[in-house]
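Q: Single-letter residue listing:
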Amino acid sequence: MQELIVPLLNATVQSGTPILFATLGEMMTEKGGVLNLGVEGILSFSALAAFVTGYTTGCPWLGFVMGGFAGLLLAMVHGFVCISCLGNQVVSGLALTILGLGLTRFLGTPYIGLATTGFEKEALPFFSSIPFLGDIFFRQDALVYVSYLIPVLFWFFFRRTSLGMAVTATGEYPAAAAAAGLKPVLLRYFAVAMGGFLIGLGGAYLSLAYTHLWTNGLSGGRGWIAVALVIFAFWRPGRAVLGAYLFGGVMAFQLRLQASGTNVPSSILLSLPYALTIIALVFSAWKRKHSDMPAALGTNIEPEG
Amino acid sequence: MITGLKLRKRDEPWKWGALVVFLGALLISLVASGLLLAGQGKDAFEGFRILWEGSFGHVWALEGALLKSIPIFLCSLGVAVTFRMQIWNIGAEGQFALGAIGATWMALSFPDLPIYLLLPLMFFMAFVLGGLWAAIPGALRIKLKVNEIISTLMLNYIAILLLDYLVFGVWKDPTSFGFPMTAEFSPNATIPAFGATKLHWGILVCVLVGVIFWAFMRYTRLGYELKASGQGPRVARYAGMPYGFLVMFVMCVSGGLAGIAGCVETSGVVGRLQPSIMVGYGYTAIVVAWLARLEPLNIAFASFLLAALRVGVENLQLEMQIPAAFGEIMEGMILLSVLAGQFLLAYKLERRTRSE
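Chains as they are written, first to last, in the numbering used here: chain S, 96 to 400; chain E, 14 to 369.
No lab work stands behind these hints: they were computed from the structure.
Do not take every clue at face value.
Beta-carbon label-pair distances, calculated as ranges [claimed, not checked]:
(1) S:210 - E:188: 37 to 43 angstroms
(2) S:153 - E:182: 42 to 48 angstroms
(3) E:133 - S:312: 46 to 52 angstroms
(4) S:224 - E:188: 45 to 51 angstroms
(5) E:32 - S:311: 33 to 39 angstroms
(6) E:32 - S:399: 25 to 31 angstroms
(7) S:153 - E:200: 58 to 64 angstroms
(8) E:40 - S:157: 35 to 41 angstroms
(9) S:241 - E:188: 50 to 56 angstroms
(10) S:227 - E:123: 58 to 64 angstroms
(11) S:153 - E:71: 46 to 52 angstroms
(12) S:383 - E:310: 36 to 42 angstroms
(13) E:182 - S:250: 26 to 32 angstroms
(14) S:157 - E:188: 48 to 54 angstroms
Glycine is no exception: its CB is placed at the ideal position from the N, C-alpha and C atoms.
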């Protein structure tokens, strides 16, 4: 049993990691009051940027960071349209997804089928010798170890720093934040940019660690799952970790079941994560009372005059 | 002395504003995509010439654009009604798939029925299945307040996988050499074309649906209530309107229209069910609905425009080996620029002088 469970849980962590980056990125954005439905587009575009950088420079770490910046860049388009031009946040995000997926397929065509070195799994000394948990959590690639820090930093940022609290205030009640001398517009740009960067890291994970190959459709709906997970997580980082690994688990399980040559048709297995997303939403709708949803989420800040 | 720019809310609407913004957005996206072409080492001006020729320059281009505008128009009309009520049905793509499945189901089950019975039956089943697929997120939304953006999107993925399951499995044509497709529809299950053209009678469905839609919104009480509840649930409830019922109604009609689009495409264009019918009309429909500012007549115009863009991009792909994704890039950029530009409809940029 152990021989079956441990590899599955190890794969769960790996396939949950890009979802975790994307979920926390979207959560960061939404904490500032901006809904970004462009996650799917950002994820795929930044995966390409990371892959191309890793492929041409041979330095996966540079690729990882470039993925983040590609995500930041694309998110700023959404930021400009919604924050400065007061565009509809829902529609702008959808447009960004269409643009991001289009750009990825357009610019990525010459790279299809190519491989890059990327990140390999390496056991972390000491930690990996912890029985059971060590095999699951500490025999992973370096980016997974980075991802362990993000939720903690996220929590610290929003609970213990004044900048984090200012961002929260902007997402809750921008007018009051402005009255208190904060700059809600700038803070929203900051949240969108940082969120885009985190989502971009998730994209980089897909092309540099999850696979080392470039193919089309690498994001595979993970961006939308991340948007749903923010709701499921009630805008709390701890629950985001839980949700991301839950979905990572379903994806890993589904892949293994397919590989084992089961009789269940692959289309039914492939639709599991999407069906589970709806179930997760129903579940969170049912327990909505305890959610920390930012009050001003989705509402633009009207300029004076 | 000019010291900067100042925002002022417009007192009266800018008369030609919407048109100016639209043309401006078009220009911005053309410049940006031209740069993208140049970045790939292609001649951008030659590219735009080919794009124009492929969109409007030939009879075959116009024929292709009209053909593609049928499903886009039908999906977009439905999507626009939900957007008016601030319900975000992003699921036209999946509802389109269900419509195609419904039509195929009837076409394969009763191939020998006379055409005047079989085609209406296919349309009916496409409408019902598309509508039911949209009813799921509708019900989740009004009963549990489940976010319909995500649920409709997830149902898109599931619908496409369901289509795959059928064409790879139970409905697979045994003579197709392993290709995932159903057997070809009998002539009775095929929407006839006009003479020797590819354009089929399905375009009349658009006219019919458009007129019914217009009359419904204008002359019925339900249509009036739909328009009124566009202000949001609170206004609707305050005015004593059955908001939950209206949401369900709108979602079912919206899904049904996308379903009909799926039927038209399978029966009129492809003649069988295969995965390649899913080319993203449901997502283009969202772009169209918003570009058209949710107005039916504008939707007809914008559907034709974006359908023409698709045909033009196909030409570009053929002659310059530009990936088809070029069309998506332009769609996304046009929509983003229009969204940004709509700011100018509500606000005026004025020069600020030092004396102020």
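Q: All hints are to be evaluated individually against the structure, with a verdict given for each.
A: Cross-check of the supplied hints:
{"no.": "1", "hint": "S:210 - E:188: 37 to 43 angstroms", "in the structure": "39 angstroms, holds"}
{"no.": "2", "hint": "S:153 - E:182: 42 to 48 angstroms", "in the structure": "44 angstroms, holds"}
{"no.": "3", "hint": "E:133 - S:312: 46 to 52 angstroms", "in the structure": "37 angstroms, violated"}
{"no.": "4", "hint": "S:224 - E:188: 45 to 51 angstroms", "in the structure": "60 angstroms, violated"}
{"no.": "5", "hint": "E:32 - S:311: 33 to 39 angstroms", "in the structure": "37 angstroms, holds"}
{"no.": "6", "hint": "E:32 - S:399: 25 to 31 angstroms", "in the structure": "29 angstroms, holds"}
{"no.": "7", "hint": "S:153 - E:200: 58 to 64 angstroms", "in the structure": "60 angstroms, holds"}
{"no.": "8", "hint": "E:40 - S:157: 35 to 41 angstroms", "in the structure": "36 angstroms, holds"}
{"no.": "9", "hint": "S:241 - E:188: 50 to 56 angstroms", "in the structure": "53 angstroms, holds"}
{"no.": "10", "hint": "S:227 - E:123: 58 to 64 angstroms", "in the structure": "59 angstroms, holds"}
{"no.": "11", "hint": "S:153 - E:71: 46 to 52 angstroms", "in the structure": "48 angstroms, holds"}
{"no.": "12", "hint": "S:383 - E:310: 36 to 42 angstroms", "in the structure": "40 angstroms, holds"}
{"no.": "13", "hint": "E:182 - S:250: 26 to 32 angstroms", "in the structure": "47 angstroms, violated"}
{"no.": "14", "hint": "S:157 - E:188: 48 to 54 angstroms", "in the structure": "53 angstroms, holds"}
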